[in-house]
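Going letter by letter, the sequence shown gives residues 1 to 154 in my numbering.
No wet-lab data here; the hints were simulated from the structure.
Once the Cα atoms are required to be at most 27 Å apart in a straight line, the calculated BS3-like pairs of lysine-lysine come out as:
{"#": "1", "residue 1": "Lys116", "residue 2": "Lys91"}
{"#": "2", "residue 1": "Lys116", "residue 2": "Lys142"}
{"#": "3", "residue 1": "Lys144", "residue 2": "Lys91"}
{"#": "4", "residue 1": "Lys116", "residue 2": "Lys144"}
{"#": "5", "residue 1": "Lys91", "residue 2": "Lys150"}
{"#": "6", "residue 1": "Lys150", "residue 2": "Lys51"}
{"#": "7", "residue 1": "Lys51", "residue 2": "Lys91"}
{"#": "8", "residue 1": "Lys52", "residue 2": "Lys91"}
{"#": "9", "residue 1": "Lys150", "residue 2": "Lys45"}
{"#": "10", "residue 1": "Lys91", "residue 2": "Lys45"}
{"#": "11", "residue 1": "Lys150", "residue 2": "Lys116"}
{"#": "12", "residue 1": "Lys52", "residue 2": "Lys150"}
{"#": "13", "residue 1": "Lys142", "residue 2": "Lys51"}
{"#": "14", "residue 1": "Lys142", "residue 2": "Lys52"}
{"#": "15", "residue 1": "Lys142", "residue 2": "Lys91"}
Simulated DEER-style distance windows between Cβ atoms:
{"#": "16", "residue 1": "Leu33", "residue 2": "Gly100", "range": "14 to 22 Å"}
{"#": "17", "residue 1": "Glu67", "residue 2": "Leu42", "range": "19 to 27 Å"}
{"#": "18", "residue 1": "Lys52", "residue 2": "Asn79", "range": "15 to 23 Å"}
{"#": "19", "residue 1": "Glu111", "residue 2": "Gly44", "range": "31 to 39 Å"}
{"#": "20", "residue 1": "Asn7", "residue 2": "Lys51", "range": "38 to 46 Å"}
{"#": "21", "residue 1": "Asp65", "residue 2": "Asn7", "range": "32 to 40 Å"}
{"#": "22", "residue 1": "Glu67", "residue 2": "Asn17", "range": "39 to 47 Å"}
{"#": "23", "residue 1": "Glu67", "residue 2": "Gly11", "range": "31 to 39 Å"}
{"#": "24", "residue 1": "Ile59", "residue 2": "Phe93", "range": "17 to 25 Å"}
{"#": "25", "residue 1": "Ile59", "residue 2": "Ser131", "range": "21 to 29 Å"}
From the three backbone atoms N, C-alpha and C, an ideal C-beta is built for every residue, glycine too.
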Amino acid sequence: MDQFYFNGSIGCVSTNNQIDFNNCLNFGSVSILSSIEEIESLIGKPYTTVKKEGTDYFIYLIPSDLETSPYLAVSLNENGYLNTIQLTGDKSFDNFAFSGIRLGDYFTMVENRLGKPSSIQSLDEQTEIWSYYPHHISIEIKDKLVYSIKLRRI
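With the hints as constraints, model all of the structure from the sequences given.
In structure tokens, the structure reads:
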């Protein structure tokens, strides 16, 4: 449960009644409601930290048998809670999926689960960012495959 589905419109399906839908902003084993300590107990200490536009992003490599591991990038808000979680890479497995969407899935899987995006931004000839406003979800589609999924706290 705690996933987004499209049934005429996108919605958070959950057994928990909440005013926001932060509980549906998750990659299965990691949620926007997770703590840094919970993430590190699951996948270890950060591989590196990157500062971008004044925000520190903690980068965690996802254990994988792939040549290039996918990674999880998280940022914190001023209260120390996760503000964003972003999964990036060529492929992920079920324990790191967003509403059944995994890295490497064909773009039609995104449309089937979430419907058409509210906006599409072209980054280059092969890459688009699909945004699902007002749900704070964006998905990077590269060569027609899911390459990155970013979730932002409400």
